[in-house]
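Quick one: dock chain against chain with the hints and give me the complex.
Residue numbers (the numbering used here), protein chains in the order written: chain F, 1 to 103; chain G, 104 to 921.
To be clear, the hints were calculated from the coordinates, so they are not data collected in a lab.
Please note that the accuracy of each hint is not assured.
[Said to hold, decoys possible] Quick look at which bits of chain G chain F covers, simulated, 3 or more residues with Cβ under 8 Å:
#, segment
1, 622-632
2, 666-674
3, 908-914
Heads up, the beta-carbon is just placed ideally off N, CA and C, and yes, glycines get one too.
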Amino acid sequence: MSNWIHVGHLTDIPAQGARVVEHDGRRIALFRTAEDEVYALLDRCPHKGGPLSQGIVCGKRVTCPMHNWSIELADGQAIAPDVGQAHTLAVKVEADAIYIEAA
Amino acid sequence: MAHTAMKLVLVGNGMAGIRTLEELLKLAPDLYDITVFGEEPHPNYNRILLSPVLAGEQTVDEIVLNSRAWYAEHGITLHTGKRVVKIDRARRQVEADDGTRADYDRLLIATGSKPFILPVPGADLPGVVGFRDIADVEAMLAAAASYQHAVVIGGGLLGLEAANGLIKQGMAVTVVHLAPWLMERQLDEPAARLMQKNLEAKGMKFLLQKQTAELVAGASGRVAAIKFKDGDSLPADLVVMAAGIRPNTALAESASLYCNRGIAVTDTLQTVTDARIYALGECANHRGIAYGLVAPLFEQARVCANHLAELGYGRYSGSVTSTKLKVTGIDLFSAGDFVGGEGTDAITYADPIAGVYKKLVLKDDKLVGAVLYGDTVDGTWYFQLLREGRALSDLRDHLMFGQDHCGNLGHQGQNRAAAMTDEMEVCGCNGVCKGDIVKAIKNHGLFTLEDVRKHTKASASCGSCTGLVEQILMATVGGDYSATPKDKAMCGCTDHTHLEVRAAIRDQHLTGIPEAMAFLDWRTPNGCPSCRPALNYYLLSSWPGEAVDDPQSRFINERAHANIQKDGTFSVVPRMWGGITTPAELIKIATVAEKYAVPTVKVTGGQRIDLLGIKKADLPAIWRDLDMPSGHAYGKAMRTVKTCVGNEWCRFGTQASMAMGIKLEKALYKMWAPHKVKLAVSGCPRNCAEVAIKDVGIIGVDSGWEIYVAGNGGIKTEVAQFLIKVKTDEDVLEYSGAFLQLYREEAIYLERTVHYVARVGLDYVKQKILDDADYRRELYQRLLFALQVEQDPWLERVQGKDAHEFKPLQSAAVMAVA
Ligand code: SRM
Ligand SMILES: Cc1cc2nc3c(=O)[nH]c(=O)nc-3n(C[C@H](O)[C@H](O)[C@H](O)COP(=O)(O)OP(=O)(O)OC[C@H]3O[C@@H](n4cnc5c(N)ncnc54)[C@H](O)[C@@H]3O)c2cc1C
Ligand code: SF4
Ligand code: FES
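For reference, chain G alone in the conformation it holds in the complex (with noise of 0.2 Å):
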């Protein structure tokens, strides 16, 4: 082919410019030849993990992220020991230290940052080394084969690391800090003393508020001592200088690009100074933050990689970083803003002889900043709060106790990743231990959730071991580099939020998926088994009886109508209204399982009869002998409405519940929606019918009826909401249907309306439904619309609709052919 591509060089292979390349790759695998150029001699490295390598938990060999092989397999010319020392932007070529030289159409600019060092007499002095790079921690485990004192200047995380480090060799080491406490960037006082404790027990030694003056050589030239301002000196074999880093911006400064405390980028990672060259890592400087730490770095790629590729859609719009300290024993997490100010109030809680203390700062009803020390196993559940702004007033109360309190069965009295041996399981759906978690985030170089559960499948099925997950990632790389939720990606097929999708499809009027595709630039010809049945969903609601239903878009239980068993037979689920049968539908029921053979017939959760095992030919005759309609048990679909026998029977009962729950179901049945969707009717607030855990529950009091939304007695139990108190019947189903038809519009595919309703906040419910009669009504009217224009699918399907899915072909017989 005559195609030539362009030159992209890239000075700098460390994390954030190789994960630039991977992200472009995956975009544009031919859309360059691309250049690398790397100082150090090693290929790219997880650079995070030479703490563990310092504290001998891991080996060089074992960090490495991407071997040369990588490099060689698409095609980059790999540089490595070469130091690039001009830039000529007139001829657009770099220049190596060794004369090697490059052309470039793109120049990417991942210089990272150089420690700083303390400007003290003796500062070059052998002995004398920075925590940066495989070269420094080499020197530093040298020294301590032969020497006995280290000193680390600076009590931050890369310094509280090291010392940690040097212990475990064997060294005697004094950490020097400036401040009054301990990482003072990322801890407040309380936390800071309570870590300080835990440090000095593992026999570290503390100076603060001490002042370096001068590093004074032995006989032999190297380092062997200290001194301070105040007069006092210690001994030093080895001096650690981790007082902070200062980013990388000599080579960028020599081809005059703008620097200031980092080179200037935009939005789009490109240098303001020259188009052609993009910057981003620690050497960048994005509306006036450099950042420090991963998580930041891999959203610059990802945006970065659009823009290389040609995309030119993605923008970065700076980060919310956490902290983690990854000094085994140490549990300390920070985020945000947590010293507070005007204007934001504090939520403390302190046990100082158990060693536990947790600040978390509120701002206008949002978490801005949070400090846990001693028990950090809701770090990331708060970091999540953080990051989405996600209205708290519901949760305020019990905020400081952590997610647990607010409902979660699935991992109860095993929810501290720290306290589990290797052996213990993780993921009780595909039996993944954390010992296999530990090991692939180690070998893989993984570093986001959804890495660990594409290499491990921990977390992939119900997702209740999620925040487990999220510790262990913590605790192995010290931190969680997924992608801020607010902008995640539908899949990887496109680079559109779900809300941009549906948005799209709304405003533009899309009515079908290849069109949807096409117009939002999909990556994939047809998708994936992710975003497809999720655009079929979108478009479905969004133009109901315009979209046409793509079957070969819905999982196999909603294109059977039936749900697949694990030995792929299907099960059969017949509507019972409101839980309510007769004699004559039950004789129904057992005539079939007797004709069929069913092998077992059972009583739902959902109060009503499943019959499972069934062969899939069979579902249509079977599903003609019940002439029952279809309860929807295998769709994102509206499910049971569950009623207790209310005042029909009950001495207690207020209100007719059983009639209610039928009028309900009976209205809403063939509803599908983002989840599934359950209801429940009570006839007094002793409750039996469970309305507490449903998507929209019903309680019948002696003066009307109280609906309450957004409950869920799944995976995560979650008390449904007080909406508002009614009178009539036909006020349950305006309200009800309203809140429902809200949910179908906005909501994101397989958002549980407890989800969605924690995502928008109860308010924006209120206004909607409750401030806004006409709107109430609109809504109400809409899903009428909607369900007008569905059919029952059992009846289509009895009366000879998809009969393909049903029927195997018939092979003829064997023929010879030459």
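Excised from the complex, chain F in its bound form (with noise of 0.2 Å):
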């Protein structure tokens, strides 16, 4: 048994695009990929904290715009040499509609 939140429709974010979502007090990015993936991330880098919902979306990762670092989106990693982990959020998308599990 999960809580999941109802936050949008994966039309709501562009292909190879992000939005952000805030909940809790938290803010957090939603990543959608051309292949329509959704991937949900907290919205700080591990570097210095700079939104990741404002990089751009190659593939599965999203380069932050304030340092280029290269962040994988299916779990948070930073891609070498750089070091360190975003949060990541489980997400679905069920016929078009997104869910983040609660926290």
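Structure below.
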């Protein structure tokens, strides 16, 4: 049993783009890839807290707009040589509706 | 999966062969089952660093480039300590000295070279070694532990590095050399004499123009003395043969592959005899040259991997090489044809007291060779000029005084990497110290500027310390093996250069990013943050009105039409035409600043006002309230036109510079470009608007306007160059516009006008814009057409465009789902 929060629809997010949802005082970045997969990460870069939602999405990664770290969307891991991990959240898409897991 | 991979066998577990495999694995990780044979008992190591190992500065473990785990990780079968003795081309099988066999579909020969052993009596005595591999170094270190006298035969790069190492190990060393001066193939006589003096001060002894006759054994059977043709002799417990290298072609010859001072290969690195067999590295002869340095081998590796991966479009067309001696305290650099000859002229500088000597050889207004001794700070810069074949007429006067004299603010006073301590900061943007860089180069086996950027971030941001990082790289590994700029791929997603991509977009009428990527065989499904913005720009500038902008391929600033700040807020800089404002406009700005509690209101260096610290969601409302056009302060676009007061007020003014500035800004303000573009107009040559450091600068004179182009006041100050003097305001618009359109159509993404003009030459620009009036008008018309389809981006967003960009999603209430 988990609590899922409906946060919007696939079409709310541009392909290869992101939207932010604020929940419980946290900024959560929702990413949509070119293949329409959706990922949710806290909108904080593991480097210096840059807003990942504002980065460029390529493949299954986002590049932070602040100092160009690349972050793996699936697990939040920074791509070598950088080291760090952004916090990820469970997300699911059902019939175009996007849900994230409540904290 | 039923797919069976092809078999690739590599003979020679050295630098060129393994580099090829690394490149191949990047391109086609699963295409081959790979087997590697290496005669040495070690995995691949950095042969270049044998010199520091001998000198006791590094250990053998530290110079390993690919550990055994790397081979295992990539499923490569590794046979070390096995020498391949036979290639059966009919059966497509190789056989090693212990009987191990392996079948191949493709064979790669990278057997390197062998030290040339002088054919003199005693050359095979114990105590006589070459300087090629770990075994040689171990033999030298063992000798240094129990013996006193060493003789190095050969005063070239290898010989001097060996002699230096042996001195460090406590031996008395004499270098015997046949030619009249040291390193005669890399240095001219004056530089060599200076170097010899410095080496003598380190305790090295030299016998020049001396010919070895015989090596004589002592009572133990080990070498004990060296005898010369002139009857002299010296004690010698260790003799290092460093008199040259010979491509190691014995195996290839035994398989009847055509060899002629190296295995003959084509531009695709296939042997001329058998297309299934590739050869590269020091064992190969490409267009008559067998290279003996790493840089060309890496270029070969890239092309060879491309063909092994069956991509089939790389060509290797030869390399220009440079030399750096890795002896601590000796600063030496040479590149290209430094001897000179007919049709060349040389600029030399000599200060024997300070121990500095420099010689630059020019031909047809281009640099073709350089020798630097004592002060090699500008080596990489000269090497770059040389490889790019850049026209030098505008630089010639101060060429000898180095890059700094061509204007470089960032790092003055600390631009000598060698003089820096490990704690000193190299990269001011990312806080990287010299020690961090040296450590990364050594620990990770880095060779190129790009590698260093990836691992340390040094010079990866503003780039002003690039020269320093290159120097550190040179000093640590003896060269910067970055690919030649002229044929550098756009990014890791493609092998095409920026110019090739631009040409394809134009010639094939490509109008979309996916279409361009498909046509040009992009390796990644949707590119990377470096190629996508470039492609987007190329498409839009080539096909205005047809190509559709892709906001997701723009950096956030250009997507949100505001500059992102370090805390994630944004800044807003409205247009203030020519830097002129009105009370009404100022009241509007003040009202907005109060209404939205803007934390900082700042006058910029571009004569306008910046509102900083604005929440993204507030942007459209602020733009609506301001009701002023976007200042494009965030874009690779037309930024400002700075003006002085001019003849409207100033007692010296000759022209109406404010009015001219406003005219230019209104005409050009919606213009996107490869990089940002800044203009200025001054009313007289006192030049209060700082025209000399602008992309286009206009100076009013009594009889009209002077137009200057390609200045830059940023990372590296560059003074704008005079283009032409014109009479009317319309002329100013047409010439400036034509220049900017030429830049928009031909520059590489993120190339400022100064770099574009440096690349193509001012003469070329003049030819297009001054000599060809029709072409100038066409350029200007094309610019006007492109500008006509652009809208003010803030107004569009006030009207609702891309609303999702600024609004967060609303989260619905929590609901329980099974
Ligand atoms: C606001 C301003 C500083 C100020 O408070 O005065 C400024 C601020 C920034 N500059 Fe600048 N530059 C500003 C005038 C300049 C000038 C002076 C000028 O334009 O007369 C220069 C040197 C002239 C030149 O460009 O040739 C300048 C050379 C740079 C450079 C180096 C460019 C180069 O080619 O070397 C960068 C980095 C870049 O563009 O890659 C840069 C980058 C930046 C960025 C965009 C850094 C960034 O990426 O976030 C800063 C954005 C701050 C913001 O959000 O507003 N800024 N910058 C100035 C805005 C002028 C305007 O009204 O648009
Ligand atoms: C001491 C020293 C210092 C140097 N310094 C510099 C420098 O500062 N800058 C620079 O650019 N270059 C330098 N070089 C040159 C550089 O190391 C070579 O250009 C480079 O290593 C050549 O690469 P390769 O793969 O062609 O040959 P190698 O690296 O020599 O690799 C060939 C390998 O093949 C093996 N092999 C040969 N035949 C067989 C066979 N039949 N079966 C199995 N294995 C076989 C060999 O044992 C060897 O391991 C230096 C070289 C030395 C020795
Ligand atoms: S405004 Fe310009 S000079 Fe100042 S910190 Fe930012 S980029 Fe550097
Ligand atoms: S904050 Fe993301 S890269 Fe620095």
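Coverage of the segment 908-914 of chain G by chain F, judged on three or more residues with CB within 8 Å: holds (count 4)
Under 8 Å between beta-carbons, do enough residues of the segment 666-674 of chain G, three at least, approach chain F for the coverage claim to hold? holds (count 3)
Assertion that chain F covers the segment 622-632 of chain G - criterion: three or more residues, beta-carbon distance below 8 Å: Since 6 is at least three, the answer is holds.
Consistency with the previously given hints is maintained throughout, with no hint failing.
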